[in-house]
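Asker: Given the coordinates of chain A, work out where chain B should sit on it, guided by the hints.
2 protein chains.
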Amino acid sequence: MTEINFSDFVNAMPTEDKNTVALRVTVLGGGSFGTAIANTAARNGCDTTLWIRDAKTAQEINEKHVNTRYLPDFKLDKNLKVSSDIEQAVRDKDLILVTIPSHSFRSVLQKIKPFITAQAVISLTKGIEVDSFKFMSEIIREELPQVPYGVLSGPNLAKEIVAGMPAGTVVASHSERVRFAVQKALHSALFRVFASDDVHGVELGGALKNIYAVAMGMAAAHKVGENTRSMILTRALAEMSRFAVKLGANPLTFLGLSGVGDLFATCTSPLSRNYQIGFALGQGKTLEQAIKDLGQTAEGINTIIQVRKRAIELDVYMPITNALYEVIFEHAPPLNIALSLMKNGHRSDVEFVLPHRDV
Amino acid sequence: MTEINFSDFVNAMPTEDKNTVALRVTVLGGGSFGTAIANTAARNGCDTTLWIRDAKTAQEINEKHVNTRYLPDFKLDKNLKVSSDIEQAVRDKDLILVTIPSHSFRSVLQKIKPFITAQAVISLTKGIEVDSFKFMSEIIREELPQVPYGVLSGPNLAKEIVAGMPAGTVVASHSERVRFAVQKALHSALFRVFASDDVHGVELGGALKNIYAVAMGMAAAHKVGENTRSMILTRALAEMSRFAVKLGANPLTFLGLSGVGDLFATCTSPLSRNYQIGFALGQGKTLEQAIKDLGQTAEGINTIIQVRKRAIELDVYMPITNALYEVIFEHAPPLNIALSLMKNGHRSDVEFVLPHRDV
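Protein sequence lines correspond, in order, to chains A and B. For the first sequence, UniProt numbering gives the first residue as 1, with consecutive numbering after it. For the second sequence, UniProt numbering gives the first residue as 1, with consecutive numbering after it.
I should point out that these hints are in silico values taken from the structure, not numbers from a laboratory. Just so it is clear, CB atoms sit at the ideal spot from N, CA and C, and this is done for glycine as well. Check before you lean on any hint, since a few could be wrong.
Chain A stretches covered by chain B per the calculated footprint, using a threshold of three residues with CB under 8 Å from any CB of chain B [what the hints assert, rightly or not]:
| no. | region |
| --- | --- |
| 1 | 182 to 195 |
| 2 | 274 to 281 |
Beyond 12 Å from chain A on every Cβ pair, some chain B residues (computed) [what the hints assert, rightly or not]:
| no. | residue |
| --- | --- |
| 3 | D92 |
| 4 | F115 |
| 5 | K134 |
| 6 | E143 |
| 7 | R179 |
| 8 | D315 |
Just chain A, with the same shape it has in the complex (with noise of 0.2 Å):
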């Protein structure tokens, strides 16, 4: 059990003075995010602990301070821990941040269950849980109903965090000690943790980012110009926003780095799998083709079955998402795409503004 109750401790803790009890905060899986993650909040002056379920790397990186597999060219701060004991890892602890893949978020949430007391649980999973499309928070309420949670997201690369490049992340919770904590735990000089209550809103631009990064490639293959990835780039925003809005988000969000800013920098990685399959796809190939020659899928693929099927249910109009799909699965042209740009069924820029009907 822990000693002090999570919200007293919160607040408790002014911002300014960094020499009162150190937050313990633990990283729930070793990829290279939450490595990085893991090493922001160390070097922040957290307890902090890095769970990983291999053993044998967990001692591996406790005795080198090398994450030899999804980080190997970065020095790890030496007050970093590496536990593979989830009990230990997660008991007594103020900040569980969680960076399990979605096909498995919910039973590491399962597995911790016993040892939550007044721990915040925080997911910084990007992604929708196949079949039931639940998002991150909502497996934290179903698994974990007394928790204070939140969600953090944004576009972060882990190598670039680890060399100390300047970047920025958003914390999104209805608490705002959950919020104060991880601002707390994570916010440096060179990263930048800004803060929003707009849960949904936060983990929806993660999620469908990488539908649309599948586009931008399959439009690069037809050597669009700026004029057309410029609206790309925006029809994805107007169709994320609306889709978002349908479950309960604020549109204004999109504005932010967890909307616009993870789909810019999404959107111009060229050497991402969602933008790759989408090239492939460009050039004519079928999505068999494609994922054998990168020798893997893609996330954007799944978000797209998924996210179409939702937003049939919903009533939401997603031209873009739609498109991808007859491309991919139902032997559309890929010039399908340009076309679902220019469709003439919404003409208002934005819709929030000025609503279709009186355009």
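Answerer: Chain B alone, transformed into the frame defined by chain A:
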């Protein structure tokens, strides 16, 4: 005198029927964008005139159907008429589209005033009038107080438009008739015209974006990563929308083509003058050196001076614009830009979602 009143005319014309009386459109200004837009209207079946100050150039384009100075590689529509007679160009028209640079915008409006009866006047010019800090829509209202008016702005490289690459733009007007007429005149399968009623928001996007192209160029000189570029883009949107809201605009407009769309195009074009001046400044050159190397100045420099002054008067927090000013005019190191992004003053991601005081 026009025999058909502008408003009656628009009302009487159904969208579907292309065989009704053609809209009479005049584009003032024969630069690359003016020429591309006039060509678009002519292709759309409008009775279109392009007004160019120089009689010889006008005659040459009429004969060759090529604008050899600005768009030498493109054959223009045969039905496009070019005139250097401003009275003939403006009288008895339905739409006057003004693509005159901001420093001559007012004087051209004064020239056409005697010939204005029921025409609508639309500004296609991105910029701010030097000294007065007036936007183009304000100049229209001052010089032609009776006319229905609007603005058109978006990520619209002229060369891509005449080449028929898919593009989109935004027309903003308080008048539904003006919006409808501009959509009718310019909308086609390859050029999509979205509508908005946020005139100030739409024109501010086009006027302010050059500031951030300078910042992006400066950052590129320091080899920043994707995380930092995304943060510059997002913080740019934050301060643009903050400034615009102070002037009565809707922050959601910045989610659209004239906001983030145009900003994205500008910030990902390393060949733009603003970007190149920023790059030179980032390398530690003085403004004088940078201008000398480039052979000319960039619009963004003037915009920085004007917007900073206005932001101080309006008490709007614009850390990037300020930092740029300090680097260019007050000998601050170029890294100032990075520091301005990391300043801890405002910690909300999107202040219109979560006010700074509540973070």
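Asker: Each of the hints needs a verdict: does it hold here or not?
Answerer: Okay, the hints, checked on the actual structure:
1. 182 to 195: holds (count 8)
2. 274 to 281: violated (count 0)
3. D92: Label holds. Min Cβ-Cβ 28 Å, cutoff 12 Å.
4. F115: Check passes; 30 Å lies beyond 12 Å.
5. K134: holds (23 Å)
6. E143: holds (26 Å)
7. R179: Violated: least Cβ distance 7 Å, not greater than 12 Å.
8. D315: Its Cβ never comes within 12 Å of chain A, the nearest being 21 Å, so this holds.
Hints 2, 7 from the list above are not met by this structure, while the remaining hints are.
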